[in-house]
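Visitor: Line by line, the protein sequences give chains H and F. If you count the first sequence from 1, position 208 lands on 208 in my numbering, and the numbers rise without skipping. If you count the second sequence from 1, position 51 lands on 51 in my numbering, and the numbers rise without skipping.
Just so you know, the hints here were simulated from the structure itself, not pulled from any lab data. Warning: the hint list may mix true and false statements.
What the hints assert, rightly or not - Rough simulated footprint, nothing fancy, chain F against chain H, three-plus residues with beta-carbon under 8 Å:
1) 17 to 23
2) 76 to 90
3) 95 to 103
4) 210 to 218
Unchecked claim - Computed list of chain H residues with no C-beta within reach of chain F, every gap over 10 Å:
5) Glu36
6) Asn60
7) Ile65
8) Gly71
9) Leu127
10) Ala130
11) Arg137
12) Arg167
13) Ala168
14) Gly191
15) Asp195
16) Phe198
17) Phe230
Ideal Cβ placement from N, Cα and C applies to all residues, glycine included.
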Amino acid sequence: MRLALPTRLGGAVLVITIRDLEFRYAEGDFFLGIPELRIERGQTVAFIGPSGSGKTTLLNLIAGIVLPRAGRITTDGVELTALDDTGRRNFRIRRVGLVFQEFELLEYLSVLDNILLPYRINRSMRLDGAVRERAVRLAHEVDIGDKLHRYAPKLSQGEKQRVAVCRALLPEPGLLLADEPTGNLDPHNKGRVLDILFDYAARADATLVTVTHDHDLIGRYGRVVDFREFHA
Amino acid sequence: MRESLYLAWRYLAYHRIKTAILVTSIALIVFLPVGLRVLVDQSADQLTARAEATPLLVGAKGSPLELVLNSLYFESDVPETLRYAEAIRLDTMGLAQPIPLYVRFSARGYPIVATTLEYFAFRGLEIASGRSLTMLGDCVLGARVAAQLGVGAGGSITSSPESVFDIAGVYPLKMRVAGVLAFSDSPDDHAVFVDLKTAWVIQGLVHGHVDLSQPDAATGVLRRDSAVITANASVVQYQEITADNIDLFHFHGDLSDYPVTAVIAVPPDQRSEAILRGRYESPDERAQIVVPVSVIDELLDTILTVQTFVIVAVVVVGLSTLATAILVFLLSLRLRRREIETMVKIGGSRGSIAWVMTSEIVVVLLAGVLLASVLTLITAQFGSSAIRALIF
Numbered sequence: 001m002r003l004a005l006p007t008r009l010g011g012a013v014l015v016i017t018i019r020d021l022e023f024r025y026a027e028g029d030f031f032l033g034i035p036e037l038r039i040e041r042g043q044t045v046a047f048i049g050p051s052g053s054g055k056t057t058l059l060n061l062i063a064g065i066v067l068p069r070a071g072r073i074t075t076d077g078v079e080l081t082a083l084d085d086t087g088r089r090n091f092r093i094r095r096v097g098l099v100f101q102e103f104e105l106l107e108y109l110s111v112l113d114n115i116l117l118p119y120r121i122n123r124s125m126r127l128d129g130a131v132r133e134r135a136v137r138l139a140h141e142v143d144i145g146d147k148l149h150r151y152a153p154k155l156s157q158g159e160k161q162r163v164a165v166c167r168a169l170l171p172e173p174g175l176l177l178a179d180e181p182t183g184n185l186d187p188h189n190k191g192r193v194l195d196i197l198f199d200y201a202a203r204a205d206a207t208l209v210t211v212t213h214d215h216d217l218i219g220r221y222g223r224v225v226d227f228r229e230f231h232a
Numbered sequence: 001m002r003e004s005l006y007l008a009w010r011y012l013a014y015h016r017i018k019t020a021i022l023v024t025s026i027a028l029i030v031f032l033p034v035g036l037r038v039l040v041d042q043s044a045d046q047l048t049a050r051a052e053a054t055p056l057l058v059g060a061k062g063s064p065l066e067l068v069l070n071s072l073y074f075e076s077d078v079p080e081t082l083r084y085a086e087a088i089r090l091d092t093m094g095l096a097q098p099i100p101l102y103v104r105f106s107a108r109g110y111p112i113v114a115t116t117l118e119y120f121a122f123r124g125l126e127i128a129s130g131r132s133l134t135m136l137g138d139c140v141l142g143a144r145v146a147a148q149l150g151v152g153a154g155g156s157i158t159s160s161p162e163s164v165f166d167i168a169g170v171y172p173l174k175m176r177v178a179g180v181l182a183f184s185d186s187p188d189d190h191a192v193f194v195d196l197k198t199a200w201v202i203q204g205l206v207h208g209h210v211d212l213s214q215p216d217a218a219t220g221v222l223r224r225d226s227a228v229i230t231a232n233a234s235v236v237q238y239q240e241i242t243a244d245n246i247d248l249f250h251f252h253g254d255l256s257d258y259p260v261t262a263v264i265a266v267p268p269d270q271r272s273e274a275i276l277r278g279r280y281e282s283p284d285e286r287a288q289i290v291v292p293v294s295v296i297d298e299l300l301d302t303i304l305t306v307q308t309f310v311i312v313a314v315v316v317v318g319l320s321t322l323a324t325a326i327l328v329f330l331l332s333l334r335l336r337r338r339e340i341e342t343m344v345k346i347g348g349s350r351g352s353i354a355w356v357m358t359s360e361i362v363v364v365l366l367a368g369v370l371l372a373s374v375l376t377l378i379t380a381q382f383g384s385s386a387i388r389a390l391i392f
């Protein structure tokens, strides 16, 4: 893994730098081209734009889940395009927290086991007592501490997303990528989940990048990136 | 690896019904051919051991297999009978110790084995409680008969009529249980032993009734011609032999004409055995002499051939079940594609994710094999006894 120091720009530390990015899926005519995009440490960013404009694709590119055809992506000081698959996975599980619209909890695991999942699916992470304690503390902080042994299907939508957020926060990532995290939630839970994400970003000086269609919530973000500009 | 195993275990535990079905299927695939083999081998060993312990068997000409099964295992139909004279003839030859057998009747579902006291010594059977056969009407029960019927020494057991329509033939005889044999793990455990004469009483060849020469039996007399008294139908035969009526039991005809089903011949040495077998080679001979172990070997050859076909069939069924199990796993993987994608997205390593899936298969396979091993052990321990209990 080739590590580089985070780039400084005008006093701010850049967490994500994208240059001359071109992406195309193997099938279909989807194309995403981003000449340049920089996101600083600690920023809260909303990706907005019409469906199919490439918001989720860019999240996947930033996380190293997919690779561009051309261009460079540097995330948290690491040039992902230069890493192999194992390197990108190890990077992702340690330094990127992912939250999905559909929660993506494993139905056969309890709340606690779902939160601990990242430590069980990658040997570069070690599950020990401290991690368990942190998982329990996180669960209590988001008010699901009394449901640690409940299975995912027995939880409400809001509870499921809070479990998913705990799973993303447990490795204490420097970058949070959330793909419509409030898309399936009622207004009360929307606010609650966002509060947790924003609170974590603020406390840990982490960067939060969220794909959202909810324009009512855009005002909470420090920066908004409209994807229409990439298709202009 | 430990974490992958944990996740696999959680998945299998959560889907416990599916897991149980898969484990049972795998267990049956493994157990059926192996268990069948164990069972057949054990049964073959027991059949052979009994046959090897019985040097020669003389019976009426007919099916040697029927003769052996009837005489050694008290199974199959009653073979053609011999005259008791055959046992006397064998004794006269001096080439073997004859042990006559008459295995025809039954009592409460258990075969009545009529023989002589030499049989007990020959089979190494010991009396566990009570005494051996001493009086007409005595019987000695095999260990399992006594246990299953809850009858012991001092009790009684009644022979079963051969047919409810056979009103002129075999009458039920209430027999005293003189003793119970020690457990021998052989067909003897499932038999009721009586003296030959008691079997002949059951058959009606020896019977007891009031003394017709006495004045108070006049109503039972049909005709009196000098020394011959003919009874009418009102004379009732005794259904139980007691100290009071035992003297009234008597034989009609020549004892040597009475039937037996076989005679076990125990030659003292190979030479005597060879000579004895030669004596029965004559085409005019009405009896046959068989070496039980040869008959059983032939039977086992047939069984083994059938077993091979059965095992091939079981293996084919097993393979198709295995293919179904693999299909279930593959479909399961397909259904879990999204779960796998989630693991990939959050950074699960290829190896760890593959191990989770592999661990599930390994755990199911191991559990199936373990269950099959337990079933095989149980079969090895109790299978042949259970089969024998069902058959004998």
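Visitor: Take a quick look at H:Ala168 and tell me if its Cβ sits farther than 10 Å from every Cβ on chain F, holds or violated.
Guide: violated, 8 Å
Visitor: Taking the minimum C-beta separation from H:Arg167 to chain F, is that value above 10 Å?
Guide: violated, 7 Å
Visitor: Taking the closest pair, is the beta carbon of H:Ile65 still more than 10 Å from chain F?
Guide: violated, 6 Å
Visitor: Apply the coverage criterion to the region 17 to 23 of chain H and chain F: a residue qualifies when its Cβ sits closer than 8 Å to a Cβ of the chain, and three qualifying residues are needed.
Guide: violated (count 0)
Visitor: Quick one: work out the minimum CB distance from H:Phe230 to chain F and report holds if it exceeds 10 Å, violated otherwise.
Guide: The claim stands: H:Phe230 keeps its Cβ more than 10 Å from every Cβ of chain F (closest is about 23 Å).
Visitor: Examine the region 95 to 103 of chain H for residues whose CB is less than 8 Å from any CB of chain F, and state whether their number is three or more.
Guide: holds (count 3)
Visitor: Can we trust that H:Phe198 is non-interface, i.e. its beta-carbon lies farther than 10 Å from all of chain F?
Guide: Holds: least Cβ distance 21 Å, greater than 10 Å.
Visitor: H:Gly191: least C-beta distance to chain F exceeds 10 Å?
Guide: Consistent with the label, H:Gly191 stays out of reach of chain F, its closest Cβ about 25 Å off (over 10 Å).
Visitor: Are all C-beta atoms of chain F more than 10 Å from that of H:Asp195?
Guide: The claim holds: H:Asp195 sits with its nearest Cβ about 22 Å from chain F, beyond 10 Å.
Visitor: Quick check: the region 210 to 218 of chain H, covered by chain F? Criterion 3+ residues, Cβ under 8 Å.
Guide: violated (count 0)
Visitor: Holds or violated: is the Cβ of H:Ala130 farther than 10 Å from all Cβ atoms of chain F?
Guide: holds, 16 Å
Visitor: Quick one: work out the minimum CB distance from H:Leu127 to chain F and report holds if it exceeds 10 Å, violated otherwise.
Guide: violated, 6 Å
Going through the hint list in order, the structure does not satisfy hints 1, 4, 6, 7, 9, 12 and 13.
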